[in-house]
Amino acid sequence: MNESGRNDGKAPLVEVDGVEKVFHRGEEEIHVLMDLHLQVPAGEFLALMGPSGSGKSTLLNLIGGLDRPTRGTVRVGGESIDALSDRHLAAWRARHIGFVFQLYNLLPVLTAERNVELPLLLTHLSKAERIRHVEAALAVVGLTQRAKHFPRTLSGGEQQRVGIARGIVTDPTLLLCDEPTGDLDRKAGDEILDLLQALNREHGKTIIMVTHDPHASARASRTVYLNKGQLSAEPVK
Amino acid sequence: MKFLPLIWCNLMRKKTRTALTLLSIIVAFVLFGFLSAIKQALAGGISMAGLNRLVVRHKISIIQLLPESYKARMEKIPGVSLVAHQTFFGGVYQDSRQFFMQNPVVPEEFLEMHPEFVLAPEQKTAWLQARIGAIVGRKTADRFHWKIGDKVPLLSSIWAKNDGTRTWEFEIVGIFDGRDANTDTTPFFFRYDYFDESRRSGWGKGQVGWYTIRITDPDKSAEAAKLVDAEFENSAAETKTEPEGAFVQSWAKQIGDIAMITASILGAVFFTILLVTGNTISQSVRERTGELGVLKAVGFTNGQMLALVLAESCLLSILGGVLGLGIAKLLIARGDPTSGMLPRYFFTNGDLCVGMAASVALGLVTGVFPAVQAMRLKVADALRRI
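In order, the protein sequences belong to chains A and B. Number 384 in this note's numbering belongs to position 139 of the first sequence; there are no gaps in the numbering. Number 96 in this note's numbering belongs to position 84 of the second sequence; there are no gaps in the numbering.
Because the hints were derived from the structure by calculation, they are not lab data. There's no promise every hint is true.
[Stated by the list, open to error] Below, a sample of chain B positions facing chain A; criterion: calculated Cβ distance under 8 Å:
| id | residue |
| --- | --- |
| 1 | C21 |
| 2 | R25 |
| 3 | V306 |
| 4 | V391 |
| 5 | A392 |
[As the list claims (entries may be wrong)] Non-contacting residues of chain A with respect to chain B, defined by C-beta distances greater than 10 Å in every case (computed):
| id | residue |
| --- | --- |
| 6 | D262 |
| 7 | Q284 |
| 8 | S297 |
| 9 | G298 |
| 10 | G317 |
| 11 | A373 |
| 12 | A384 |
| 13 | L399 |
| 14 | S400 |
| 15 | D416 |
| 16 | T418 |
| 17 | A433 |
| 18 | E447 |
| 19 | D458 |
| 20 | A478 |
Glycine included, C-beta positions come from ideal geometry on N, C-alpha and C.
Make the full structure from the sequences, and use the hints.
Pasting the structure below:
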């Protein structure tokens, strides 16, 4: 196992085992990830750093079941997700994964509360229960007063808070954040990092965060570095 | 139902584009309504025709007359149970635009032949007693505010009276209703004996327009028709006998193949609408590839994505269909726009159902390609296109 992927004794929630990812551009094969091993224990806040094109987002997509590895296995909570059918994988994502995106990815035609409600539409909750969950998620991110606002009327930081509320509203096993502060100024970025840290420490959420920013990675409990498709515990000079 | 706000919000994303597309669908369905009503007006009598009735006309043309004496010979043909005749009068009331069908008939046999015209018994008795008596359908009576006892002058373009004038006076002795909702209640019928005695000697005297015969077994209508035509073969006035439906159809065909004209116009309109709506939905789906990726990321399955896009296109086309058909129904309910040329001008429930089915089909056809596109979208690729 790659040194950077070793866990420190806690039961691993995420196990990435010998994963390779190859993209094809015409005849050319592009090896984005190569024999990659990573274990993330439950309750960890892991930062994944690396230069552009190093495969950070690809790895995050594989862990989140948005893409499938060319070789190797990804297990989350002991379940090998690359063996699931598309339909079961979608249902698995709805149950276990919360996503936070760099550009927030809110639906502009929906209000903040409707955006947060989206993942709940896939559950069997009643409308009243969905409203309760949405209110709770918005309260956690401190946006109760902005529930009826459309994304265009919110600041970047507020939009990202809505994105986080959407990510946590189903109380997922794992929160995957792809450069959550990448589009924000330092102050708003710090507020988002505070929020993620609180979710990790106070609510016990396991978080994997892709970032370029050492300031952001400093908030994580562990940082691993990805370069040319391989993980290391130290940044590559 | 919980997805409806999401579907609605997606439709309302570009309000102007959606409104214009909706408007074009509404216009298409209003046109559908009008064309259906016109088709019904011109060819609808075919479906109302009696299955046990045949029409006997001159072999050359409907405008050629047949001898009145044929009636007795037809009554003797096996399988024929009743014979009645009518003649086209071609009159107008007050003004050449106020046209409606008027035919001289023999009251007893005519009413027995056409039970779809419902006349009160006392009015029937009055008709049998009044030589210049006439009965008129409810629709025409209402149109001209006629009531029983009114004297009505009609100017015939075909028939002159013995005194050389063309104005015929009748007394309304009965107003009939239709047995079924689709029964035409615009015609006007008066007594043949009065007509034949009063028409000027010369052309047409002792002759009638066409015969309607009732046959005992509708399954043997072809045999009965052959027997009738054989009876008058090689005579001065050979006949052509056909089911009443075919007779009505041949009247309508004087204008053209109504069904084909209607189908051609509607085909062109719906093909255009298909392109317009299909383009709107496709464009709308292409514009939000990233958002569709987000929906998939949070757990929407391929099937749910397919259903969401199809529901969007169906909602648009059904909304347009309902509004268009509703507007058409209201406008058509105002009545025949030709002042009597199209007595069966109405929008049937059958055509309404066809219209609704067409709106659903339109939604499915226009939505299927973008829906499949959305279904096949790879999440990771879609998220990169934000």
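query: Given A392 of chain B was flagged as interface, is its beta-carbon under 8 Å from a beta-carbon of chain A?
result: Interface hint status for A392 of chain B: holds (5 Å vs cutoff 8 Å).
- prompt: So is G298 of chain A really clear of chain B, every C-beta pair being over 10 Å apart?
  reply: holds, 13 Å
task: Grab the minimum C-beta distance from R25 of chain B to chain A and call the hint holds if it beats 8 Å, violated otherwise.
output: holds, 5 Å
field: Beyond 10 Å from each Cβ of chain B, as asserted for A478 of chain A
entry: holds, 27 Å
task: Would you assess whether E447 of chain A, listed as outside the interface, keeps its beta-carbon beyond 10 Å of every beta-carbon in chain B?
output: holds, 24 Å
D262 of chain A non-interfacial with respect to chain B [C-beta, more than 10 Å]: D262 of chain A clear of chain B: closest Cβ-Cβ about 20 Å, beyond 10 Å.
- prompt: Closest CB-CB distance from A433 of chain A to chain B, is it above 10 Å?
  reply: Nearest chain B Cβ is 19 Å from A433 of chain A, so the label holds.
field: Consistency of the no-contact label for A384 of chain A, given chain B and a CB cut of 10 Å
entry: holds, 20 Å
message: According to the definition I'm using, a residue is off the interface if its beta carbon is farther than 10 Å from all beta carbons of the partner; does S297 of chain A meet that for chain B?
response: Label holds. Min Cβ-Cβ 13 Å, cutoff 10 Å.
Status of D416 of chain A, Cβ more than 10 Å from any chain B Cβ: holds, 14 Å
message: Just want to verify: L399 of chain A was marked as not at the interface with chain B; is every Cβ pair farther apart than 10 Å?
response: Holds, since 17 Å exceeds 10 Å.
task: So, C21 of chain B near chain A? Judge it on the closest CB pair being under 8 Å.
output: holds, 4 Å
When each numbered hint is compared with the structure, no violation occurs for any of them.
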